[in-house]
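**Q** Kindly produce the complete structure, drawing on both the sequences and the hints.
Line by line, the protein sequences give chains R and D.
Take the first sequence: its position 52, counted from the start at 1, is 52 in our numbering, and no numbers get skipped.
Take the second sequence: its position 13, counted from the start at 1, is 13 in our numbering, and no numbers get skipped.
Heads up, some of the hints might be wrong.
[Said to hold, decoys possible] Distance ranges between label pairs, derived from CB positions:
| hint | chain 1 | residue 1 | chain 2 | residue 2 | range |
| --- | --- | --- | --- | --- | --- |
| 1 | D | 138 | R | 52 | 39 to 45 Å |
| 2 | D | 210 | R | 67 | 49 to 55 Å |
| 3 | R | 45 | D | 149 | 35 to 41 Å |
| 4 | D | 150 | R | 43 | 31 to 37 Å |
| 5 | D | 54 | R | 43 | 50 to 56 Å |
| 6 | R | 67 | D | 183 | 31 to 37 Å |
| 7 | D | 229 | R | 43 | 32 to 38 Å |
[Unchecked claim] Counterexamples of contact, computed for chain D against chain R with all Cβ distances above 10 Å:
| hint | residue |
| --- | --- |
| 8 | 19 |
| 9 | 40 |
| 10 | 86 |
Keep in mind that the hints were calculated from the coordinates and are not lab data.
Beta carbons: idealized from backbone N, C-alpha and C, even for Gly.
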Amino acid sequence: MAKEIERAGIPVAHICSIITISQTVGANRIVPAVAIPHPLGNPRLPPEEEKELRRNLLKKAFAALQTPIQEQTVFS
Amino acid sequence: MGDASRNREYRIVHYVNQFFGGVGGEEKANCEPFTIQGPQGPGRLLEKLFREEKADVEIVATVVCGDSYFAENQENVLRELIPVIREYHPDLVVAGPAFNAGRYGMACGAICSSLQPLGIPAITAMYKENPGLDPYRKTVLIVESANIVSGMEEAIRKMVRLGIKILRGEEIEFPKAEGCFEQGIRKNYFHAEPAVGRAIAMLLRKINGDPFETEYPIPFFDRVDPQPAIADLKGITVALVTSGGIVPTGNPDHIESSSASKYGKYPLEGLETLNSRTHQSAHGGYDNTYANDDPNRVLPIDMMRELEKELGFKPHPWYYATVGNGTSVDNAQKFAKEIAVEMIRDGVQAVILTST
Numbered sequence: 001m002a003k004e005i006e007r008a009g010i011p012v013a014h015i016c017s018i019i020t021i022s023q024t025v026g027a028n029r030i031v032p033a034v035a036i037p038h039p040l041g042n043p044r045l046p047p048e049e050e051k052e053l054r055r056n057l058l059k060k061a062f063a064a065l066q067t068p069i070q071e072q073t074v075f076s
Numbered sequence: 001m002g003d004a005s006r007n008r009e010y011r012i013v014h015y016v017n018q019f020f021g022g023v024g025g026e027e028k029a030n031c032e033p034f035t036i037q038g039p040q041g042p043g044r045l046l047e048k049l050f051r052e053e054k055a056d057v058e059i060v061a062t063v064v065c066g067d068s069y070f071a072e073n074q075e076n077v078l079r080e081l082i083p084v085i086r087e088y089h090p091d092l093v094v095a096g097p098a099f100n101a102g103r104y105g106m107a108c109g110a111i112c113s114s115l116q117p118l119g120i121p122a123i124t125a126m127y128k129e130n131p132g133l134d135p136y137r138k139t140v141l142i143v144e145s146a147n148i149v150s151g152m153e154e155a156i157r158k159m160v161r162l163g164i165k166i167l168r169g170e171e172i173e174f175p176k177a178e179g180c181f182e183q184g185i186r187k188n189y190f191h192a193e194p195a196v197g198r199a200i201a202m203l204l205r206k207i208n209g210d211p212f213e214t215e216y217p218i219p220f221f222d223r224v225d226p227q228p229a230i231a232d233l234k235g236i237t238v239a240l241v242t243s244g245g246i247v248p249t250g251n252p253d254h255i256e257s258s259s260a261s262k263y264g265k266y267p268l269e270g271l272e273t274l275n276s277r278t279h280q281s282a283h284g285g286y287d288n289t290y291a292n293d294d295p296n297r298v299l300p301i302d303m304m305r306e307l308e309k310e311l312g313f314k315p316h317p318w319y320y321a322t323v324g325n326g327t328s329v330d331n332a333q334k335f336a337k338e339i340a341v342e343m344i345r346d347g348v349q350a351v352i353l354t355s356t
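**A** Now the structure itself:
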């Protein structure tokens with residue numbers, strides 16, 4: 001889906017748990033997530049820290065969208 | 001463990017995930033690797049069919065690991081498991097079949113691919129759309145299986161046929177004849193018919209509208225060049241998409257928990273956050289406990305709202321969701337094309353897509 005939306009002309013930041021799958025399907029801006037059942041959270045953290053973690057991941061995705069790239073790039 | 005005494009002619013180690021290893025379903029996908037003596041689950045059929053074909057094999061051990069645990073700790077798991085497998089002195093390692101299970105396919109491919117350089121032959125089987133195929137097809141002989149588990153016996157029969165050839169050191173035929181995916185290896189051989197005759201015969205078939213098969217398929221790499229970066233986030237419309245199955249409570253569009261045939265479009269207007277009453281996960285491919293407790297963990301609406309103020313972008317008032325669990329590539333492409341048309345119409349300039 002990331003690839004098809006990008007093909008249509010819209011840049012996509014893909015926040016995902018399994019980087020290798022994202023690379024295989026052809027996403028260009030890849031942001032590694034936390035874990036499969038909770039990509040943008042961590043139930044083991046206190047709520048405030050978990051929000052901070054989510055905020056940072058999302059900020060990373062926005063930074064990826066603002067970064068010029070020539071090829072598939074993982075923003076870890 | 002490590003006992004290399006031979007009750008049978010050939011020793012096999014089998015790799016399976018938590019489901020086929022008898023540990024449990026998605027709720028056990030975080031299971032750490034462990035080893036069972038002898039065959040387990042599909043390993044029993046594997047051993048039986050090998051022996052039916054007069055191959056004197058013994059599955060000496062079954063190595064099991066949870067799909068999520070493997071995917072999230074691949075390097076560590078391989079570092080732990082490869083020496084364990086080696087100690088059994090296997091003549092062959094069989095992984096899967098993984099069908100269309102993505103994490104399982106990646107795990108099977110990674111294990112086989114790590115064993116080959118050590119001189120331990122390893123084979124697996126998966127469906128043609130399994131994401132584990134592309135990264136590993138060049139280094140591993142991968143048998144083509146059906147997408148669902150009802151194809152178990154057929155897949156195992158093919159693996160047995162191939163496995164016997166490897167065990168006996170017989171020549172492996174061309175991938176198609178072996179029921180495998182092509183590895184992209186060129187092999188010279190003498191053809192009874194000179195090329196010119198074959199070319200003319202092929203051309204005539206083509207002219208007559210008869211089926212014909214090229215002798216040299218051109219590899220097709222479908223890549224999309226990255227779009228230019230967004231210069232300034234201020235004022236641009238950013239849309240959220242997820243393959244993690246976050247839908248309004250009750251799943252109003254009845255998006256399937258696996259092999260989704262549709263996607264949904266849901267409003268975000270006026271929503272400051274998601275919670276366990278407003279939204280849920282419809283995804284059948286991961287343990288939903290954490291996403292149902294707090295759907296922001298998959299679709300981060302709470303932080304989109306915070307960052308909206310901080311960074312000055314405009315969140316698109318709709319989000320799109322589907323379930324990325326064994327969903328066919330054709331369907332995923334179709335969904336995304338339709339979504340993109342709407343987004344362009346609505347002035348969306350950037351997308352954040354979240355996947356579990």
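**Q** Failing hints, ascending?
**A** none
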